[in-house]
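Peer 1: Fit chains H, G and D to the given chain E structure using the hints.
Number of protein chains: 4
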Amino acid sequence: MNPFDLQQFFSSVRKNSEEICRPLEIEDYVVQPIDDVSPPKWHLGHVTWFFETVILQKFQPNFKPFHKMYNFVFNSYYESFGTRVFRPQRGTLSRPTVKEIYAYRAAVDEQMQHLFETLEQKHRPEFSRLVTLGLNHEQQHQELLVYDIKYIFANNPLRPVYQKAKARPRTPEMKAAYLDIPGGIVEIGHKTEGFAWDNEMPAHQVLLRDFKLQNRLVTNGEYVEFINAGGYADFRHWLSDGWTAVQEQGWQAPLYWEKHDGQWFVMTLSGWRELDPHEPVCHVSFYEADAFAKWAQKRLPTEFEWEHAARIMDVKASEGNFLDDRNFHPLPAQATAPRLQQMLGDVWVWTASAYLGYPGYRQEEGALGEYNGKFMSNQMVLRGGSCATPRDHLRLTYRNFFQCDKRWIFSGIRLAD
Amino acid sequence: MNPFDLQQFFSSVRKNSEEICRPLEIEDYVVQPIDDVSPPKWHLGHVTWFFETVILQKFQPNFKPFHKMYNFVFNSYYESFGTRVFRPQRGTLSRPTVKEIYAYRAAVDEQMQHLFETLEQKHRPEFSRLVTLGLNHEQQHQELLVYDIKYIFANNPLRPVYQKAKARPRTPEMKAAYLDIPGGIVEIGHKTEGFAWDNEMPAHQVLLRDFKLQNRLVTNGEYVEFINAGGYADFRHWLSDGWTAVQEQGWQAPLYWEKHDGQWFVMTLSGWRELDPHEPVCHVSFYEADAFAKWAQKRLPTEFEWEHAARIMDVKASEGNFLDDRNFHPLPAQATAPRLQQMLGDVWVWTASAYLGYPGYRQEEGALGEYNGKFMSNQMVLRGGSCATPRDHLRLTYRNFFQCDKRWIFSGIRLAD
Amino acid sequence: MNPFDLQQFFSSVRKNSEEICRPLEIEDYVVQPIDDVSPPKWHLGHVTWFFETVILQKFQPNFKPFHKMYNFVFNSYYESFGTRVFRPQRGTLSRPTVKEIYAYRAAVDEQMQHLFETLEQKHRPEFSRLVTLGLNHEQQHQELLVYDIKYIFANNPLRPVYQKAKARPRTPEMKAAYLDIPGGIVEIGHKTEGFAWDNEMPAHQVLLRDFKLQNRLVTNGEYVEFINAGGYADFRHWLSDGWTAVQEQGWQAPLYWEKHDGQWFVMTLSGWRELDPHEPVCHVSFYEADAFAKWAQKRLPTEFEWEHAARIMDVKASEGNFLDDRNFHPLPAQATAPRLQQMLGDVWVWTASAYLGYPGYRQEEGALGEYNGKFMSNQMVLRGGSCATPRDHLRLTYRNFFQCDKRWIFSGIRLAD
Amino acid sequence: MNPFDLQQFFSSVRKNSEEICRPLEIEDYVVQPIDDVSPPKWHLGHVTWFFETVILQKFQPNFKPFHKMYNFVFNSYYESFGTRVFRPQRGTLSRPTVKEIYAYRAAVDEQMQHLFETLEQKHRPEFSRLVTLGLNHEQQHQELLVYDIKYIFANNPLRPVYQKAKARPRTPEMKAAYLDIPGGIVEIGHKTEGFAWDNEMPAHQVLLRDFKLQNRLVTNGEYVEFINAGGYADFRHWLSDGWTAVQEQGWQAPLYWEKHDGQWFVMTLSGWRELDPHEPVCHVSFYEADAFAKWAQKRLPTEFEWEHAARIMDVKASEGNFLDDRNFHPLPAQATAPRLQQMLGDVWVWTASAYLGYPGYRQEEGALGEYNGKFMSNQMVLRGGSCATPRDHLRLTYRNFFQCDKRWIFSGIRLAD
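Chains as they are written, first to last, in the working numbering: chain E, 47 to 463; chain H, 47 to 463; chain G, 47 to 463; chain D, 47 to 463.
Among these hints, one or two may not hold up.
List time: in silico DSS-like cross-link candidates among lysine-lysine, alpha-carbon distance up to 27 Å [claimed, not checked]:
id : chain 1 : residue 1 : chain 2 : residue 2
1  : D       : K104      : D       : K168
2  : D       : K168      : E       : K344
3  : H       : K305      : H       : K340
4  : G       : K210      : D       : K340
5  : D       : K258      : D       : K340
6  : H       : K210      : E       : K114
Partial pick of chain H residues on the chain G-facing surface, computed with a CB cut under 7 Å [to be verified]:
id : residue
7  : D82
8  : K104
9  : L253
10 : Y278
11 : F281
12 : L285
13 : S286
14 : W454
Since the hints were derived computationally from the structure, they do not count as laboratory data. Backbone N, C-alpha and C define an ideal beta-carbon position, used for all residues, glycine too.
Next up, chain E with everything else stripped away, as it sits in the complex (with noise of 0.2 Å):
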């Protein structure tokens, strides 16, 4: 990227996370419901501390923190970087508020643009690196934003509203089927110039066996046939500790579903409404996307699969339905020929792979080499981006990843054979 357009990506990431928050009460940016979530204010903070911490203390002359707690509040897991709040315990500070956060933003933000007018030439490269890696994780904050958000409104009794409903035009349904993907020796992992995460490389070679690809997302309605047949109740589909997570959280259905007198409704950031049964399904866990798959009498695919079958078959993000469409939802396939859709946004979808580092892999050295190595285990690795992702966040080679029984996630299925 020229540094003049990664001056305006700044500008443009910068005020989109603002943007998000938009409709939000000061009330809605302070809470915590669950460990997983963490309070809005609490992100829009972070992102900036990210940029203070790793840019401006580095190249700033005569730099000064904005505060100096900060680094203890808004850090969130960088042992590199010393103490910090502890996770739970973010819903429990009212203070810095929010107009102070919004202050801090502003603040680095010009000490940011003035950097960007003034550095030397030959700080250029690494300054120019790591605002890159400062703005990717400002975009996965992004995501992690409206996720939080979605789990705070519908945590709440009163039901609040983050956007007014889209009309949504009644679509037909789009009829499952299986494409063929041929396998061989294949490609797998970043390798052009562009900025990819550590964990996307090194590019390798896996040989993978010739493997069907289902067409589109698994659907509501499918995922309902699957609750009506039993699905919950019966250990047979499930993985040992999937059926103690069933057990132990009570799970009847995927998050945020609920049914009155024997219709299903769903909570989405335009409030409950029915759920329509050609929508992808979304808010699953691991261990309920393996079991639907068993039931099917099919399996994940494996996130080799995916990402070969991506690149063959040459899907586009510009297809997709992502966090730039402000839908916040996913949406239903098209009703066409069959071909591979929603490859890209609308959910991601959970893999059969674990989440571990690629032949050859190394995390980088210092603090920014605890951003995706350290969490290679117990985690499985998701693909395909979501409609809280941005756009131009997103790559085939995206390696996403959270444990088997997450579920405040833009996450569904899509089955291989």
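Peer 2: Here is chains H, G and D on its own, set in the frame of chain E:
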């Protein structure tokens, strides 16, 4: 109280709750750092819900609730009024907003004032009884508001300040002494016309031995001696449950104490400052009060001894340091000839009496019966009010009660022998 | 007690502990199904350790401990004697074996008998005092052995039987009645020569009102009425902590009750059998006793009322159903003219009194002071002994105490008014 | 295996389980110090229940269960076979007694032997298949018996000894070296006639890069260097979940290590003794193995690398240190020219591979399908067997699997590069 006075009392109590919250930022109203603490906005709504549910619903023709979900949101623990937000979840609710709650207060107040003006004569006695109850209830929550705001501020690494520190004249030390109190068959409990809680009744006789009572509250300086003597490290001073609490919760000093470079500091609502050795010790649990007394080879008074001494020595609330004085902190005893000082206000004192019903106690029917009686197990009685208690809320017969390990209350120690 | 009697008492108590364990398989000695229950082999070792550590170590010339680790293994909760196995870990220790513990008992007994024969006259008074204490201590553990064996057997799906059922004559129902007991200034506590625990002293005066006391214990039949009336489903009968216990622990009936095809069954040490409606209800918590009393529109007596009534009605231990009778289960009241029955033996009754020190109470110095005083918080007093108590262990002034939610003890209900 | 051999195999496996338990006291059979550990008597009953339920029930005419409750008592985790004792409760059951369980074993063995003699020809293939499965299952529990007995003994403050220490010749140190292993498209998994678990199939091809594998296991001496370098105190070596485990569980060294006066000691089944620096490190979690590898700037091999290397280097089980050798402890590598030593036996090595199904994996129908497939989440693969594994139980394709934090297993480290 005549009706006019009651209406004025209503206005004044309602206003006082809002006064207490005036220094807060909106964010401060929302958080719940520990289960014991409720968000200030919850207190403001809950006391209002009490008037709406107990009084407006009963006396208001064509009563309509302000919001159909508020009964769920603002019920504290009244099983009679149905399901409610689980207590530790209060801090997860961003809505209703602070602004909406103030609007709720205004709407309920307006209807209450209207009832004061228009209620039929025949309903007035019951109305007055319930309004009095509701106001005493709100006064109790004013005290809790002070506790909770202090905790919220102390919990915050940015160390916010609630009000500027007042000038504090340096007082000479008042020496400890023990006053002889004669025993006999004494009268305990409430039997006059005015308002009292059901747990202060029936008045009854108790047989007391002659005893000695300390002339003033135990001071920080005396408590530091206990600490320096290894009080927190020697199991012999402690009740078994207390010793467990010391170890599991890592107690080394009262709540809100911190040691830096050999000097103790305490959190006040005017920020952190050096410990004043002449101030009464505050924020100790029953276990600490009891251990201190054992270490000092004295004991805690029973609630009967305390009440009897207060009555025969004719102590005056007007001399005490109460919420009305806006100190929000206990003050040192005055250097005088030995007399019973600091019996009312400053800090509640833990007594050696378990919180149980008086002989002949019967709890009220219905929801209001849930107020006191159902808590009569595993709690100890405290007496005398604190600097967070409204002065006109207290009586000599007043019984406060908490579990033995609570420390966020304004609680201290007076010894007996 | 003269020395000769004491030596005989020693032999008899020591033998009785082993008698209680005679029906056990080795495996039964080892397990700890819940934290409250200790493995029988631990009890046998612990009471022996008490004699070894408190007496042999003091009086035996050239004392050598039987095993250097037994102080760690068999100390219960005496901080004075150093670190010890964490209570919930007792059931994780396979060694020492049962055989080794019996050898330990024999070795300590032999040395004790030798001391009885040879101890210098000047040491005899202190020796006698400590032996008496140790034997009372062992008698308390005999009672716990019965509780714990019952729990271990009831917990086992194979439903083992401890002893064959005795023939039980079917008794006619004894109707409930209330006897008038006059109040006044009454004497409470121990003041004679014989042994008593420090918590029964000092004897002192208490002012009582006139009251009524039920002639017999509450029966299973009466308790079933409470259950059938929805007693466990109506919060209004319950203390707040009790209601929490009902819900968290899923209480629907006393411990060891099971309902099959509409008929209640109870576990006894002679196996499961149909509930006898005339037997005293047993294995209820304080919360259940209190809720039952509220539902019956009566109340529990205070410990002072109980002791006073027992004294003036001259109740006799010789008529009671104690451990010596080897019923291991409470018996129905006799059908007679109304008189105070079942005051001693059968089941301990929960009183309305919190377990606190009497006026002037000072706990003993040193390790033995840890025996009673440190438990004076969050417990209620029970009175009267049970069918698991040795007859000669009990006194009218005897104070037993447990937390409000304990149910594995032989505890029941007598109402007052 | 021909039928005659199978019958002999049956007798020998069954006898071996009892041999392993021979040194135990009855009490040692009963306890369960942590959830992971099962009481030895439970293992002996459970493996017998497997033969009774899976084989006798199917093939025995007029089958009658030995005891109607044993299905409840001895089912481990098979949902297909109904409810069962909750795993952490296994150590709370004193009955059935050890004697009863040996009688159960004898009764089932007798019927099994009878079936071997008399079963109709047409049932023989399925019978053989299931007997083979049952024996492999029992062999796995033999290994667990060793783990669990070690834990039970180590947990006991009396420090019992399982067998007398064998003479251990002092070996010279074998230097670490890295052997080059060529990659390519390699064959992974089981495809011969003999028995294998479903998780070893289907055999399939994997693409491997060239890599280096350490010639021997990592030693205690090397691991002490990691400890001395502050390995347990530096977050940079650790996975995030691993760092949490270090802190929450207070890890400072492998399980069963203790430091006294600067010298490390280890628990063995022959009691505690000084750490031998040349022995393979044992009882480390995956997190510790991974952290050690990162600190050493190496990595753990994948399970595919391990299997490929073992196959092409033609390693022999006959050279390994297995259960049959009754060392119950790993042995030092031999000082030889660099070659691949200690691949089989001694300790299982943690691999970098998550435990997932091979391409095309389908789990068996019915109860036996619960054996492996349902555990395919949140676990890592271990390879190579240990000194607690029966020699004839192992194969090069054998996949063991445990959660990342388990340490009571005989697990160690071999590095790759």
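Peer 1: All the hints need checking, so say for each whether the structure fits it.
Peer 2: Against the structure, the hints come out as follows:
This hinted pair checks out: K104(D) and K168(D) have alpha carbons roughly 14 Å apart, not beyond 27 Å. Between K168(D) and K344(E), the direct Cα distance comes to roughly 35 Å. Violation of the 27 Å bound is thereby established for this hinted pair. Between K305(H) and K340(H), the direct Cα distance comes to roughly 25 Å. Compliance with the 27 Å bound is thereby established for this hinted pair. With a C-alpha separation of about 65 Å, the suggested pair K210(G) and K340(D) falls outside the 27 Å cut-off, and the hint is violated.
For the hint linking K258(D) to K340(D), the alpha-carbon distance of about 16 Å falls within 27 Å, and the restraint holds. Between K210(H) and K114(E) the CA atoms are separated by roughly 22 Å; this keeps the pair inside 27 Å, and the hint holds. With 7 Å as the threshold, the beta carbon of D82(H) stays out of range of chain G, its nearest partner Cβ sitting at about 15 Å, so the hint is violated. Hint status for K104(H) relative to chain G: violated, with the closest Cβ pair at about 20 Å, above 7 Å.
Proximity of L253(H) to chain G holds as hinted, the smallest CB-CB distance being about 4 Å (cut-off 7 Å). Against a cut-off of 7 Å between C-beta atoms, the interface hint on Y278(H) is violated, since the closest Cβ of chain G lies about 14 Å away. Evaluation of the F281(H) hint against chain G yields a held restraint, the C-beta minimum of about 4 Å falling below 7 Å. Because the closest C-beta pair between L285(H) and chain G is about 5 Å apart, less than 7 Å, the hint holds.
Annotation: interface hint on S286(H) holds; nearest CB of chain G at approximately 4 Å, less than 7 Å. The interface hint given for W454(H) is broken, as the beta carbon of that residue sits about 19 Å from the closest beta carbon of chain G, more than 7 Å.
The structure shown violates the earlier hints numbered 2, 4, 7, 8, 10, 14.
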